[in-house]
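Since the structure of chain A is already known, use the hints to place chain B on it.
There are 2 protein chains.
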Amino acid sequence: MKKRNLYLNNTPVDEARERYLRAMEPYLRVEYETVPVTESLHRVTKQAVYAKYCSPMFNAAAMDGIAVVAAHTLGAGEQTPVDLRPGEDFIVVDTGDPVRAPYDAVIMAEDILEREDGTVRIVAPAAPWQHVRPIGEDIVAGEMLLPGRHKIRPIDIGVLLSGGILELEVVKRPRVAIFPTGTEIIEPTEDPKPGDIIESNSRMFQGMVTESGGVPTRFPVIPDDYELLKEKVAKAAGEFDMVIVNAGSSAGTEDYTVHVLRELGEVFIHGVAVKPGKPVILARIGRVPVIGLPGYPVSAYIGFENFVAPLLHTLAGEVSQTGLRADAVVTRRMVSSLKHREYVRVKVGQVDGKLVASPLARGAGAAMSLVRADGFCVIEQNSEGVEAGETVPVELYRTMEEIQNTVVVIGSHDLILDVLADLMPSRYPGVYLSSTHVGSMGGLMALGRGEAHVAPTHLLDEETGEYNVSTIRRLFREPVALVKGVDRIQGILVKKGNPLGIRGIEDLKRCRYVNRQRGAGTRVLLDYKLKQAGISPEEIDGYDREAATHMAVAALVGSDGADAGMGIESAARAMDLDFLPVGPEEYDFAIPARFLDLPHVQKFLGSLRSEQFQTRVEALGGYRCRNTGKIVMVE
Amino acid sequence: MKKRNLYLNNTPVDEARERYLRAMEPYLRVEYETVPVTESLHRVTKQAVYAKYCSPMFNAAAMDGIAVVAAHTLGAGEQTPVDLRPGEDFIVVDTGDPVRAPYDAVIMAEDILEREDGTVRIVAPAAPWQHVRPIGEDIVAGEMLLPGRHKIRPIDIGVLLSGGILELEVVKRPRVAIFPTGTEIIEPTEDPKPGDIIESNSRMFQGMVTESGGVPTRFPVIPDDYELLKEKVAKAAGEFDMVIVNAGSSAGTEDYTVHVLRELGEVFIHGVAVKPGKPVILARIGRVPVIGLPGYPVSAYIGFENFVAPLLHTLAGEVSQTGLRADAVVTRRMVSSLKHREYVRVKVGQVDGKLVASPLARGAGAAMSLVRADGFCVIEQNSEGVEAGETVPVELYRTMEEIQNTVVVIGSHDLILDVLADLMPSRYPGVYLSSTHVGSMGGLMALGRGEAHVAPTHLLDEETGEYNVSTIRRLFREPVALVKGVDRIQGILVKKGNPLGIRGIEDLKRCRYVNRQRGAGTRVLLDYKLKQAGISPEEIDGYDREAATHMAVAALVGSDGADAGMGIESAARAMDLDFLPVGPEEYDFAIPARFLDLPHVQKFLGSLRSEQFQTRVEALGGYRCRNTGKIVMVE
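In order, the protein sequence lines correspond to chains A and B.
Counting from 1, one number per residue, gives the positions in the first sequence under the working numbering.
Counting from 636, one number per residue, gives the positions in the second sequence under the working numbering.
Pulled out of the complex, with its shape left as it was, chain A reads as follows (with noise of 0.2 Å):
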């Protein structure tokens, strides 16, 4: 069997950063270089730039109007008028225009009479200096425009040339050269083989590295080869102001980074406190940072924001900003280990005038919890978790503004909200829909705590066979508007071709399965369906095998992983898969009546009941857009 490089430490992620920083320290230089005033903005300047020239540069007239000497307007008045006469007793002048000797005030333009003979007549003296921006009123030669250490915005550049300057010294770009390594890893221009993994994080790097002030340099992959690797990164190490190793750098049998580091140069921290993230390399080659981090997306996401962030804002002489911050109530139960920090993504959103923060999915892989979130929520190491309801801070990548305008869904998952989420924003700019899936009944209990605006629902009443309305009786005490949805078709999902020739609830029972999470509409659905077969849930194999969404369970029973699942049509034709009608149900729509009038949930309505919503739903297949948008009151 291979070898294995099990022995990571667990540092706390603060003290490795510490450590890092420390260690880098004399290593780490800020260089400088002269780039024209015009091609400035978003440069940080060396040092502080001092004005050449006043502005403005004379004595200038504030408005439109005539120059005059205010000693010779004395004792105008309306009795008393004074006519001056052009070119001896004034000039005319426009704004901006300079006022020299012997004139040494102006007249509105409003406030003169001119007269047929050229001269002008006044019916008040001028004071001194009036209408006059003397010189140097807004720069004054000498004075410091920009202070060192100053990020350049437009107004600075305006600034700055009015002031004589024509060039500046300012910090230079760290160049960051960024390798993925590993065999199965291929191009994203290539076709994939079963086993191959795209690569992508070397592409997040860069956007990461050029919002954080560096200039990104990316190579083709590397494949998992000790020799190469290390020729590679010592290169590399040689031209450029910090290098970035993904991947690698886990306990796997092919990593070989931390090796090669170790030969190179010095490694300072090898493993960080830290979920997801945990496998991250803190190294130096001479006097270049070198830091490998770890596959899988989240983790390099979180290990970059960690690590290199830091390090690269030092070398780009910015100030790291932390984002955002703000206390939101946690709508589920986040569970953490005492051994490390986590790092939670969730939606965001205000309901009720609070905010509340709903965690995504936490695996390190999971990229699209990153594109979904909002922000983090951070777990500490000495946690073991928050409960619902608690009150947490956020780090958040929104603005508040966003959020705001944000309409909260929580509840059963179906295509259409992603078709609602896309539509919304384009029908009216600056308005979301964030949507968190938890199933039915575990949305109406959000909706119940005040945690959402919107629970999608599909619950059947076995009973009066009538879906949503009686479960929303029961749990409500306020009056609830049950906004119709669609009518959609459930039924079992199997391999196109139906290689099982499974053609009912009965069939479930020679198959492999894969169910939905409690507390789903559709798993309600089958559990009803199984009662009514008289079949028990053991007698399923996979009853217990979860998945989250419609989607989820198509692309499992699209793989070799299960025979059959219970969904949507809409997922089965996504996915190229066959069929099995068991019924058709109601996806609704629960709003407390009390938020119906926020502008936001209007836009929501609006967005349901507009004919571009249901031609889109129709043309997904499945769906039939019946009463889509009219309101039962449920009180």
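The set of hints was computed from the structure by calculation and includes no laboratory data.
Be aware that a few hints might be false.
As the list claims (entries may be wrong) - Stretches of chain A that chain B covers, calculated by requiring three or more beta carbons in the stretch to come under 8 Å of a beta carbon on chain B:
#1 27-41
#2 48-58
#3 421-430
#4 434-443
#5 542-554
What the hints assert, rightly or not - No farther apart than 25 Å at their CA atoms in a straight line, the calculated lysine-lysine pairs in the DSS-like style are these:
#6 A:Lys151 with B:Lys786
#7 B:Lys1131 with B:Lys1119
#8 A:Lys193 with B:Lys687
Remember, it's a predicted structure, so these values are computed and weren't measured experimentally.
Glycine is no exception: its CB is placed at the ideal position from the N, C-alpha and C atoms.
Leaving out everything else, chain B in the frame of chain A:
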């Protein structure tokens, strides 16, 4: 006399913007282009993007270890170990490796015992699908990856590539033509002659267009020539998505722009009720919006934000982000007119847990007030102003974190404040100094109201001859630390060579003087010296003419605007003036004792006491650092 274009309207800002946006709506067209995903950072998606592949693309090991058939491990226990044969009962897998039939579970490397014969012993059974990431766990083929009108972040690029997307349609960046105009306007690279104005607005606009998602093209300055302007603007309207004409929008004699635009197209608005920034032209040539902005930098900036940015955001497919808003206590009365909405630039700080906003210079020409500002305070059109102590909403340019780490300095002005403002963030990254200049007495009053951390002061007690201590004792009930600053020489500033032969206070009667504002220590000193010499203020020509800083006084004396003023030696040196010493004085910092332990106030003291500070200050000339940083408690 030349024809003037006096007839501007005075349309309220919001009405002007809405009318213009409505008028342009039929003409504005968002365009699209296809770009590689790897080059899509910060671009805006045209429509929703759906995954082509699942991720993972196969059932994959979630741990390093061995893949097994779960059914073959049943019954394994401490007493009943099961031995597995390589290649038959198990294969070795690393994280991410595919788990293919017949294998359906992974056992972690830590949980197996490797034996010499190559077999592996386990003492616990594996549950089916344990440590296996199911196909599509992260991304399911057909799933929506990103909605339409979404701005691409680094993580989005990663997910798009993982989902098999290589190219995507994005909103084309609108191309914006920028025309600086005016015969008196010169390029920054030219040597300014008297009356010339350096063109800088167009360079500021370039940055602002870039930040709003557009691509700027800046044309050379067009002199005041009706036909030339017409030709250039007409051509640009045929080639670009938007045209900005800078200056030429007020009622001055050479302001052709509005006539050109009326001839070429349609002018919707000329003149907006906003201060600064009234002379705005909102027009159209064909499908293309053409906007005339005023020449003063602050007016130009506000006009851009109010009228260009929203149009650009529409064309660029982005949601316009209004900045962070917060409530702040106003430190000084701000009067405004009912006729217009006024934008007042403010410094913002946090003192005693509350945000405080200090208004900056309000002239439209004061570009430096934009550089120094931390935000805008808006006084609505129907308001006469705001009293000190009232709470107003402020639109912030800076993050709350920066503001919380800012030492708020309000009081007397000295060049050493610039040195400190430059020094602090480079010694202590992330810590800033914000200073507002209201004179010594104004600063102490602000300190008393809890609106500043530090008040620089140089107030002479005429009776004791002592500086600062007695005034502070009189004003404060709480203990105040008087941190000694510098000894500096005050004197009379006169033109180089002293052409009027000024020798002392007595001679101020026969020259044009420029004074400092009420409450300034330098004015107190002048009053004291005048009293000693038996001279009444009325005898001094220019006693009522006020400048706000030493440097502003020096600039006026250096021009033909004034013959003499009082100020500090370093200002005379900076402007190459002659200096007649009047006497030394003590320029100190008053800090309420309860602020002394605040981390950023400690860093202020650290900067003040640093060798670097004292070296730089002594190089300015006219200063002595005798007791710099020592603390005298005034109780």
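Status of each hint after checking the structure:
1. 27-41: Held - the region 27-41 of chain A has 3 residues with a Cβ nearer than 8 Å to chain B, which meets the minimum of three.
2. 48-58: holds (count 7)
3. 421-430: Coverage by chain B holds for the region 421-430 of chain A (6 residues, Cβ < 8 Å).
4. 434-443: Contact hint for the region 434-443 of chain A vs chain B: violated, 0 residues under 8 Å.
5. 542-554: With 7 residues closer than 8 Å to chain B, the region 542-554 of chain A meets the three-residue bar; holds.
6. A:Lys151 with B:Lys786: 23 Å, holds
7. B:Lys1131 with B:Lys1119: Violated. Lys1131 of chain B to Lys1119 of chain B sits at ~33 Å, over the 25 Å cutoff.
8. A:Lys193 with B:Lys687: Roughly 15 Å separates the two Cα atoms, so the pair holds.
Hints 4 and 7 from the earlier list are contradicted by this structure; the remaining hints agree with it.
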